[in-house]
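Student: Take a look at the letters that make up each chain.
Number of protein chains: 2
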Amino acid sequence: MASLRAAARLRPIASRVTPFQAQRNYAAVAAVKTSEPSGEQPFFPDEPAGPTVKTAIPGPQSKKAIEELHKVFDTRSLNMLADYQKSYGNYIADPDGNVLLDVYAQIASIPVGYSNPALHKAALSEQMASALINRPALGNFPSHDWADILKTGILKVAPKGLDQVFTAMAGSDANETAYKAAFMWRRQHERGGAHVEFSEEDITSSMLNQSPGAPQLSILSFKTAFHGRLFGSLSTTRSKPIHKLDIPAFDWPQATFPLLKYPLEEHIQENQKAEQEALADVERLITTHHLPPCAVVIEPIQSEGGDNHASPAFFRGLRTLTKKHNVLLIVDEVQTGVGATGKFWAHEHWGLESPPDMVTFSKKAQTAGYYFGNPELRPNKPYRQFNTWMGDPARALLFRAIIEEIERLDLVNHTAQVGNYLFNEIEKLASKYPGEFMNLRGKGQGTFIAFDSPRRDEFLKKAKSVGVNIGGSGERAVRLRPMLIFQKHHADILLDALEKIVKS
Amino acid sequence: MASLRAAARLRPIASRVTPFQAQRNYAAVAAVKTSEPSGEQPFFPDEPAGPTVKTAIPGPQSKKAIEELHKVFDTRSLNMLADYQKSYGNYIADPDGNVLLDVYAQIASIPVGYSNPALHKAALSEQMASALINRPALGNFPSHDWADILKTGILKVAPKGLDQVFTAMAGSDANETAYKAAFMWRRQHERGGAHVEFSEEDITSSMLNQSPGAPQLSILSFKTAFHGRLFGSLSTTRSKPIHKLDIPAFDWPQATFPLLKYPLEEHIQENQKAEQEALADVERLITTHHLPPCAVVIEPIQSEGGDNHASPAFFRGLRTLTKKHNVLLIVDEVQTGVGATGKFWAHEHWGLESPPDMVTFSKKAQTAGYYFGNPELRPNKPYRQFNTWMGDPARALLFRAIIEEIERLDLVNHTAQVGNYLFNEIEKLASKYPGEFMNLRGKGQGTFIAFDSPRRDEFLKKAKSVGVNIGGSGERAVRLRPMLIFQKHHADILLDALEKIVKS
Numbered sequence: 003m004a005s006l007r008a009a010a011r012l013r014p015i016a017s018r019v020t021p022f023q024a025q026r027n028y029a030a031v032a033a034v035k036t037s038e039p040s041g042e043q044p045f046f047p048d049e050p051a052g053p054t055v056k057t058a059i060p061g062p063q064s065k066k067a068i069e070e071l072h073k074v075f076d077t078r079s080l081n082m083l084a085d086y087q088k089s090y091g092n093y094i095a096d097p098d099g100n101v102l103l104d105v106y107a108q109i110a111s112i113p114v115g116y117s118n119p120a121l122h123k124a125a126l127s128e129q130m131a132s133a134l135i136n137r138p139a140l141g142n143f144p145s146h147d148w149a150d151i152l153k154t155g156i157l158k159v160a161p162k163g164l165d166q167v168f169t170a171m172a173g174s175d176a177n178e179t180a181y182k183a184a185f186m187w188r189r190q191h192e193r194g195g196a197h198v199e200f201s202e203e204d205i206t207s208s209m210l211n212q213s214p215g216a217p218q219l220s221i222l223s224f225k226t227a228f229h230g231r232l233f234g235s236l237s238t239t240r241s242k243p244i245h246k247l248d249i250p251a252f253d254w255p256q257a258t259f260p261l262l263k264y265p266l267e268e269h270i271q272e273n274q275k276a277e278q279e280a281l282a283d284v285e286r287l288i289t290t291h292h293l294p295p296c297a298v299v300i301e302p303i304q305s306e307g308g309d310n311h312a313s314p315a316f317f318r319g320l321r322t323l324t325k326k327h328n329v330l331l332i333v334d335e336v337q338t339g340v341g342a343t344g345k346f347w348a349h350e351h352w353g354l355e356s357p358p359d360m361v362t363f364s365k366k367a368q369t370a371g372y373y374f375g376n377p378e379l380r381p382n383k384p385y386r387q388f389n390t391w392m393g394d395p396a397r398a399l400l401f402r403a404i405i406e407e408i409e410r411l412d413l414v415n416h417t418a419q420v421g422n423y424l425f426n427e428i429e430k431l432a433s434k435y436p437g438e439f440m441n442l443r444g445k446g447q448g449t450f451i452a453f454d455s456p457r458r459d460e461f462l463k464k465a466k467s468v469g470v471n472i473g474g475s476g477e478r479a480v481r482l483r484p485m486l487i488f489q490k491h492h493a494d495i496l497l498d499a500l501e502k503i504v505k506s
Numbered sequence: 003m004a005s006l007r008a009a010a011r012l013r014p015i016a017s018r019v020t021p022f023q024a025q026r027n028y029a030a031v032a033a034v035k036t037s038e039p040s041g042e043q044p045f046f047p048d049e050p051a052g053p054t055v056k057t058a059i060p061g062p063q064s065k066k067a068i069e070e071l072h073k074v075f076d077t078r079s080l081n082m083l084a085d086y087q088k089s090y091g092n093y094i095a096d097p098d099g100n101v102l103l104d105v106y107a108q109i110a111s112i113p114v115g116y117s118n119p120a121l122h123k124a125a126l127s128e129q130m131a132s133a134l135i136n137r138p139a140l141g142n143f144p145s146h147d148w149a150d151i152l153k154t155g156i157l158k159v160a161p162k163g164l165d166q167v168f169t170a171m172a173g174s175d176a177n178e179t180a181y182k183a184a185f186m187w188r189r190q191h192e193r194g195g196a197h198v199e200f201s202e203e204d205i206t207s208s209m210l211n212q213s214p215g216a217p218q219l220s221i222l223s224f225k226t227a228f229h230g231r232l233f234g235s236l237s238t239t240r241s242k243p244i245h246k247l248d249i250p251a252f253d254w255p256q257a258t259f260p261l262l263k264y265p266l267e268e269h270i271q272e273n274q275k276a277e278q279e280a281l282a283d284v285e286r287l288i289t290t291h292h293l294p295p296c297a298v299v300i301e302p303i304q305s306e307g308g309d310n311h312a313s314p315a316f317f318r319g320l321r322t323l324t325k326k327h328n329v330l331l332i333v334d335e336v337q338t339g340v341g342a343t344g345k346f347w348a349h350e351h352w353g354l355e356s357p358p359d360m361v362t363f364s365k366k367a368q369t370a371g372y373y374f375g376n377p378e379l380r381p382n383k384p385y386r387q388f389n390t391w392m393g394d395p396a397r398a399l400l401f402r403a404i405i406e407e408i409e410r411l412d413l414v415n416h417t418a419q420v421g422n423y424l425f426n427e428i429e430k431l432a433s434k435y436p437g438e439f440m441n442l443r444g445k446g447q448g449t450f451i452a453f454d455s456p457r458r459d460e461f462l463k464k465a466k467s468v469g470v471n472i473g474g475s476g477e478r479a480v481r482l483r484p485m486l487i488f489q490k491h492h493a494d495i496l497l498d499a500l501e502k503i504v505k506s
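Quick note, the sequences are listed as chains A and B, same order.
Mind the numbering: the first sequence is residues 3 to 506 in my numbering, read in order.
Mind the numbering: the second sequence is residues 3 to 506 in my numbering, read in order.
Note that these hints are calculated values from the structure, not bench results.
Any given hint might turn out to be false.
A pair counts as met if it fits within one copy or between any two copies, since identical chains are not told apart.
[Said to hold, decoys possible] Listed next, the in silico BS3-like pairs over lysine-lysine satisfying Cα-Cα at most 30 Å (straight line):
hint : residue 1 : residue 2
1    : K326      : K66
2    : K73       : K162
3    : K225      : K383
4    : K463      : K383
5    : K153      : K123
6    : K430      : K463
One chain only, chain A, in its complex shape (with noise of 0.2 Å):
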């Protein structure tokens, strides 16, 4: 197996004592229940054999440390105060000594393990310290090894056919810049090529904000999307309405979503027609809207709305019509991207002809970006998309060494193994409390799994006094999210706590 293989190789590095492991102490720590890893061997040897809860969450001292900081930042949306240092692997610590399985991860984040003992040696070396305090501009002034950087890293995983990359912060802007490569491009199409000049109208209308300066043009993206919440991708984010209310949007057309039943193999027709209609919808959209779309942005799983999914058919589809009507295809893996669903990039579960036209990551990068491939994408003229820092090459360098933490482990094979037997466990949980484990999703994507449930706050909150932090998606998912170096005995523990949340 490959994850024997490659926990073999970790060992002689994440078994030495490491600074921030002389830090940790984890002799508190006391297995709530150890699941025997039956012969599988830790990616993390000194790893907590299990969960500690020892107070209520929040704490005396979280509650206390909570207090003090609500004062100067707004906590209401804090789940859970942390302790990083004392943070390990696939558990995350509190002020309290609880030490929790974090299934969450920051929000589908940390990608190989808190306090992972090789990103700390990349973040102690020279190279990380020149490039935290050395920040440059880098559409100005790179470094010297910046093509390095990048062909060593962020380019070395790029999704088939996309071979260049526009560097952003994070999701957000990531997806905004692909959006603006995308209206340039429509334009430069329309006006006839990349040579041609840009009318006088162009420039005196796009200076106050009209058209054809600024163009009635949109992009188009589907209803419980989530695409981020500054102004251009805010007004592609059709989740929730506490993200949307009060903030101006753009008059963008949002397509259905197809809503598949489960289990899927029980619904296939419907499922069918579902994505069929949706295909037409956005057909319909592209030719008829009074803003033309020049691209749809999609998400391989619909993440924040509630962890829908559609089948690679209907991907292969929309690859089609986009083709068909020359509108850009944006695949957005900021959640789904890095592993978590079996394939490095969860798009590769399509099997598309040609690949998207962008893809947008962060997240699990650690850093963010498009990917694209097609020369006709990079703005014909300089300074067209910039801005003075264009990303961050500290936060590069950590991608390259999580990129080289994920080959070293093979954790994305890993991922996809784990992923399996989870799903066919909880699948015979499901069976076992039909009421409680509802349209179980994910079968095939790796970790990336979730089911409803018929009280989901409460289960999410009894979930940490069993030892386990998990997060939940839409109005009654709940989500499933754990790193890449989540193993079977994590899965096992995980099991035991899902169990016991709906007993109780």
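Based on these hints, arrange chain B on the given structure of chain A.
Tutor: Coordinates of chain B only, in the frame set by chain A:
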């Protein structure tokens, strides 16, 4: 003199051999011209004595590397390829052995020198390593010491009257999140207060990107302003068509910015009139624009737009006007903040009776966000102002180290003093070459100095050949944006270079 005392204090730290000093080799650096430091002790004792220009820029090594980089990264806006490991203090190095005095400083964003030893130490700390590798979703899982990091860092330098912060990633999203806070505040007032629930119509229409949920309101900005390049911030940016062409924009209003005539003392009445007319234009737009402005955003000195100044009286008038009409005042200190104008925040020059409602920051802070004081600017419910990362604690730790360095070396006062010296000397050059240094501006504004050049682009190019890296702004301004550790002996090198440029 404060800077002399400070330099003496610095010595024991900066002159020891740190790891990156050991890597640097300045043996080959020969001074083009060394100005005697006239008794002034250097902040960076082992900084080069002056620039070295060995090749045309870019030289052969750089050219080769740029060609390689261009295959994967758009290099058409590349100004100079840098070697940051070899850059030190005020000097930027390149792969060809050229070492330039840098008074552009990564578009005004390097605060306390390349490879600053104190920042280097902070970068290699265990706290930094943990912040880098255990990046939290700050709104959900802040670390137990986040309040302390804020209070000893970002909030320690909060503008007077503003004791809260929302953290962001860069200038653009700092401004956009401030705009979002403004829209939510305005709608809350219209609804009758924080306790009033959203109406069904608000909720439904927001999901359709329609009013009233997505309100028909605006942010008022000024002609030639620059506030960023994402969709909302770009709608308030009015500096150059190249930033705006082909990008859809909100139909938000722009007010006239007073175009002052120089020298100021010879155009007092004209300039007063221009400022009064600009204020009248603001009032007209606030009261009559079809999308009512809920906030006015303004830079203390319009930077990208050409280094355009207005008087303290103008800004006081703007504060009075916005108060009168119950419109928020957002001061965009992304480029002016953190010391360069001889005050920590440029708006301290204005003598305001009540503070701005929000102040945004980025660049020299090396992290970003907006400050506010009024508790009504915290949205009435959690998750309204939220995203996964909400900034970056690693960058917040760096800002803390920057603040400590600024305080230790008294760099704000130092910059006020060296700025006065520099301004006076350029004034002398301007009398000697009146057609070459036009509209000199920034008197009493630290080193935030600019002048217009009849052949600006040529001027900037020529600067490199005489050992200085300088930036431009607007159509014809040469803008000086040295770091806070720029001293009199650097000013002398710069002045000598300026004269060489115009003489050649």
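Student: Does the structure break any of the earlier hints, and which numbers would those be?
Tutor: Violated hint (a single one): 1; every other hint is consistent with the structure.
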